[in-house]
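Just so you know, the sequences run in chain order L and R.
Number 246 in this note's numbering belongs to position 246 of the first sequence; there are no gaps in the numbering.
Number 131 in this note's numbering belongs to position 131 of the second sequence; there are no gaps in the numbering.
By construction, these hints were calculated from the structure, which means they are not laboratory data.
Using N, Cα and C, we set each Cβ at its ideal position, and we do this for glycine too.
Hints should not be assumed to be uniformly reliable.
As the list claims (entries may be wrong) - Quick list of in silico lysine-lysine cross-link-like pairs, PhoX-like style, CA-CA up to 20 Å:
(1) L:97 - R:85
(2) R:118 - R:145
(3) R:122 - R:89
(4) L:97 - L:151
(5) R:89 - R:107
(6) R:85 - R:116
(7) R:105 - R:116
(8) R:122 - L:67
(9) R:40 - L:67
(10) R:122 - R:85
(11) R:23 - L:67
(12) L:67 - R:28
(13) R:118 - L:97
(14) R:155 - R:145
(15) R:75 - R:85
(16) L:97 - R:147
(17) R:40 - R:52
(18) R:155 - L:97
(19) R:107 - L:67
(20) R:105 - R:89
Claimed, not checked - Residues from chain L that keep clear of chain R, each with C-beta distances beyond 10 Å, as calculated:
(21) 32
(22) 51
(23) 74
(24) 80
(25) 99
(26) 136
(27) 146
(28) 162
(29) 182
(30) 186
(31) 196
(32) 216
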Amino acid sequence: MHATSLIVGSHFIASTGVKEVANWITVLDEFFHDVPIVQFLHHWENVVFSLTAAFFLITVSFLATRKTSLIPGPLQNAVELAVESLDQLVAGILGPKGRAHTPFIGTLFLFIIIQNYMGIIPGLKAPTSNLNTTIALATCVFFYVQAIGMKENGLIGYVDHLMGSPRDLVGWIMVPLFLPLHVMEEFIRPLSLAFRLFGNILGEDALMGAMVVLGIFTLSFLHSPIGLPLQFPFMLLSLLLGTIQALVFTLLSTIYISLAMPHEEHGL
Amino acid sequence: MGISIPEVLTQAFAFILLVFLLKKFAWKPLLKLLDERRQKIQLGLAQIERTKSEVDALKSDYEQRQAHIQEEMRKKLQQAIAEGKLIAKEIQEGARGEARALLEKAKTDIQLETEKAKIVLKNEIADLAVSAAERLIQEKMDAQKDKGLALRFIKELEQLK
Chain L
1 MHATSLIVGS HFIASTGVKE VANWITVLDE FFHDVPIVQF LHHWENVVFS LTAAFFLITV
61 SFLATRKTSL IPGPLQNAVE LAVESLDQLV AGILGPKGRA HTPFIGTLFL FIIIQNYMGI
121 IPGLKAPTSN LNTTIALATC VFFYVQAIGM KENGLIGYVD HLMGSPRDLV GWIMVPLFLP
181 LHVMEEFIRP LSLAFRLFGN ILGEDALMGA MVVLGIFTLS FLHSPIGLPL QFPFMLLSLL
241 LGTIQALVFT LLSTIYISLA MPHEEHGL
Chain R
1 MGISIPEVLT QAFAFILLVF LLKKFAWKPL LKLLDERRQK IQLGLAQIER TKSEVDALKS
61 DYEQRQAHIQ EEMRKKLQQA IAEGKLIAKE IQEGARGEAR ALLEKAKTDI QLETEKAKIV
121 LKNEIADLAV SAAERLIQEK MDAQKDKGLA LRFIKELEQL K
């Protein structure tokens, strides 16, 4: 597959005339473009940063759970706070049975929020500003939701749900209308998740990139080696929006899981 | 937009792997630990409540016993006071009786001693009279006259006393 078709975010930004903030891989690519390993890294840039986030999460989890005790240390305490908060969030929406889904939803939230924050750290990039990353996450949510729907309702119940649960003649007459609508809805939901996250994070990154360029231009007449940090307020904004977007993605995924569960059991 | 299927699949695989790893090594142990801690805290609080109610019961029992002991003590004190008063009265009465007996005895003794003294005095006076009479013999007087003289002398002495 051609490299240019793979770099979705940067290609998209470049095509709109806005430069994205450089990361260590783009810097390497700038200087060692012909080196195969650099080309490989540049090719899989978003995957590399996603794996960095995953590695960070695994390391923190390992360190926090290495020597667990009933009286926690600072790291265990911080991780427990996150785990308990997410557990309560999931249990609040899905009810007591929803706890089984906490690991999936919690990991989703932590993975997304860390990826979002990576755009603020110099030398790194937010992989969520790339549509491939968000589509991958949304695909996982889609299959998870469908699997839960089939497991909780049974195959017949799942199909019945897709047909709009017809119980009378009018219901059965409406099946040809409801079935495609529900199937489309099932696909549109994860797509909307993916595009929402991608669009917001890409917008933040593009804005920060534009502000960096503007800051450099502002002091260019002085031949200053550094520019004005005009992106700083938007970095703070990114902190807030990164959290909100991670929460929105997670909450909506939880609600989709809740809708896939039998109606008497979910908390909504 | 150039969606890359291999990249999507790689990212999805990475995420599923991450979920699996975190579920096994972080979420499950931590949620279990939180449950254990919650349970321990609940048990601890229940234990505290139980101990508190036990302490309250003991306190109430102790207060009842203390009140009972104080009541007993008060009764015994009153009984001791009454007994003390009775003993004091008995002692007083005994002392009075003894004092009265002693007084009576003293009076009797005094009377006896007085009588004895009187007799002794009479005899001494008589002896003195006799000795006086013996002196008078030298003046050659008869016995009858001497005796009468002596008795008259005694009477005069009694009248003088």
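- Query: In ascending order, which of the hints set out earlier in this document are inconsistent with the structure?
  - Reply: 1, 2, 3, 5, 6, 8, 10, 13, 16, 18, 19, 20, 22, 24, 25, 26
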